[in-house]
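Positions 1 to 249 (this note's numbering) are the ones given, in order, by the sequence shown.
Calculated from the structure, these hints are not laboratory results.
Take the hints with a grain of salt, since some may be wrong.
Cβ pair distances, simulated, as ranges [unchecked claim]:
1. Asn235 with Asp45: 24 to 32 Å
2. Ser23 with Thr127: 30 to 38 Å
3. Phe83 with Leu217: 26 to 34 Å
4. Lys165 with Phe46: 48 to 56 Å
5. Lys39 with Phe82: 29 to 37 Å
Heads up, simulated DSBU-like pairs for lysine-lysine below, C-alpha to C-alpha not over 35 Å straight-line [claimed, not checked]:
6. Lys79 with Lys65
7. Lys78 with Lys133
8. Lys140 with Lys165
9. Lys165 with Lys133
10. Lys78 with Lys39
11. Lys39 with Lys96
12. Lys96 with Lys140
13. Lys140 with Lys78
14. Lys79 with Lys139
15. Lys139 with Lys39
16. Lys165 with Lys96
17. Lys96 with Lys155
18. Lys139 with Lys96
19. Lys155 with Lys139
20. Lys165 with Lys78
21. Lys39 with Lys133
22. Lys39 with Lys65
23. Lys65 with Lys96
24. Lys65 with Lys139
25. Lys39 with Lys79
26. Lys78 with Lys65
27. Lys133 with Lys65
28. Lys96 with Lys79
29. Lys155 with Lys165
30. Lys165 with Lys139
31. Lys155 with Lys65
32. Lys140 with Lys155
Note that the Cβ used here is the ideal one computed from N, Cα and C, for glycine as well.
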Amino acid sequence: MKKLLIVVMACYGLNARSQTNESRNFLHLYSDSIVYAQKIRLRPDFSGSWILRADSRRIPVQQVKFFNNEDGFFANTKKLNFFGESSFSERIIEGKINLYQQAVYDPIQYERDYYRFRDRNRQTVDTRMFYNKGLSDLKKVSYANLQADMADNSKSLDLLEAYRKSRSTAVVMYVGAGAAFIASAVTLFAGSAFKQKGTTFGNMPNYEPKSHTGSFLLLGVGAGLSLGGYLIQTNGSRNIERAVEAYNR
């Protein structure tokens, strides 16, 4: 009984520690410590490196896993960056699965002690984004990752499958577009720009400009396939967002 009580109390303590009050400004560190503050600002220091200021306290961004302030909720993507550099993505969908898009801060001071985002427009969900469950580590948005994490929701899996099929179709169309562009270039630049058409008076060869109709037709086919691939890919990518929304219901 004593052992069971200790286990229950330990689990309660871990759960309480992982809970955060998102109505307040806070930093969630990689050490799992929570730092609450009246004001949290992301700003450059004297050397030009970004730091987080929680009131008067200065905290290196490398130590911060998440932070929440009046601008929104942000997650550090350093574990998914090639060089391990700290950068932050803003949460754009909240639920059982949270979705994040990259956020870029302007290095120019907007007003006293405040640096704003360069662009906060909502982007179309795609594989450049990140996601997580709860306060777990971020993962890259991908078919394989989401399929594993949403395996318990058949509707989400169907939408992911629709995304996979549209992505495959788009790839085929891009390959076809590339082949058409190459063929167009080959036929356009191969050989002379003129072809001989009989002879003139005195047996001199008579030339006329070579027709490039076939080259331009291939160019048009390539452009059409490229545009079609882009539209299919863009429309298919919306199924990622639909899959996440279905999972969060």
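Consistency of the hints with the structure:
In this structure, Asn235 and Asp45 break the distance hint of 24 to 32 Å, their C-beta atoms being roughly 44 Å apart. Between Ser23 and Thr127, the C-beta spacing of about 33 Å keeps the proposed range 30 to 38 Å intact. The hint said 26 to 34 Å for the Cβ distance between Phe83 and Leu217, and at roughly 46 Å that hint is violated. Distance hint check for Lys165 and Phe46: the Cβ-Cβ separation is about 53 Å, which falls inside the suggested range of 48 to 56 Å.
For the hinted restraint 29 to 37 Å between Lys39 and Phe82, the CB-CB distance of approximately 33 Å keeps it satisfied. For a cut-off of 35 Å, the pair hint linking Lys79 to Lys65 stands: about 10 Å separates their Cα positions. Between Lys78 and Lys133 the alpha-carbon distance is near 17 Å, which keeps this suggested pair within the 35 Å criterion. As the CA atoms of Lys140 and Lys165 are separated by approximately 19 Å, the hinted pair is consistent with the 35 Å bound.
Distance check on the hinted pair: Lys165 and Lys133 sit about 26 Å apart at the alpha-carbon level, within 35 Å; holds. Only pairs whose Cα atoms come within 35 Å are accepted, and Lys78 paired with Lys39 is accepted, the gap being roughly 24 Å. Restraint check: the Cα-Cα separation between Lys39 and Lys96 comes to about 28 Å, which is no more than 35 Å; the hinted pair holds. The suggested pairing of Lys96 with Lys140 holds, with an alpha-carbon distance near 16 Å, which does not exceed 35 Å.
With a C-alpha separation of about 12 Å, the suggested pair Lys140 and Lys78 falls inside the 35 Å cut-off, and the hint holds. Annotation: proposed proximity of Lys79 to Lys139 holds, straight-line Cα distance about 9 Å (limit 35 Å). Annotation: proposed proximity of Lys139 to Lys39 holds, straight-line Cα distance about 29 Å (limit 35 Å). Using a Cα cut-off of 35 Å, the hinted pair Lys165 and Lys96 holds, with the two alpha carbons roughly 25 Å apart.
Under the criterion of a C-alpha separation no larger than 35 Å, the hint pairing Lys96 with Lys155 is consistent with the structure, at around 15 Å. A hinted pair counts as satisfied when its Cα atoms are at most 35 Å apart, and Lys139 with Lys96 qualifies at roughly 14 Å. Distance restraint check for Lys155 and Lys139: the Cα-Cα separation of roughly 21 Å lies within the 35 Å cut-off, and the hinted pair is therefore satisfied. At most 35 Å may separate the alpha-carbon atoms for a hinted pair to count; Lys165 and Lys78 meet this at roughly 31 Å.
With a C-alpha separation of about 26 Å, the suggested pair Lys39 and Lys133 falls inside the 35 Å cut-off, and the hint holds. Distance hint between Lys39 and Lys65 is fulfilled; the C-alpha atoms sit about 17 Å from each other, no more than 35 Å. Straight-line distance between C-alpha atoms of Lys65 and Lys96 comes to about 18 Å, which keeps the hinted pair within the 35 Å bound. Of the supplied pair hints, the one linking Lys65 and Lys139 holds, its CA atoms being roughly 13 Å apart against a limit of 35 Å.
Only pairs whose Cα atoms come within 35 Å are accepted, and Lys39 paired with Lys79 is accepted, the gap being roughly 26 Å. A distance of roughly 9 Å separates the Cα atoms of Lys78 and Lys65; the hinted pair therefore holds under the 35 Å criterion. A hinted pair counts as satisfied when its Cα atoms are at most 35 Å apart, and Lys133 with Lys65 qualifies at roughly 14 Å. Under the criterion of a C-alpha separation no larger than 35 Å, the hint pairing Lys96 with Lys79 is consistent with the structure, at around 21 Å.
With a C-alpha separation of about 16 Å, the suggested pair Lys155 and Lys165 falls inside the 35 Å cut-off, and the hint holds. Of the supplied pair hints, the one linking Lys165 and Lys139 holds, its CA atoms being roughly 22 Å apart against a limit of 35 Å. In summary, the hint linking Lys155 to Lys65 is supported, as the alpha carbons are separated by about 31 Å, within the 35 Å threshold. A hinted pair counts as satisfied when its Cα atoms are at most 35 Å apart, and Lys140 with Lys155 qualifies at roughly 21 Å.
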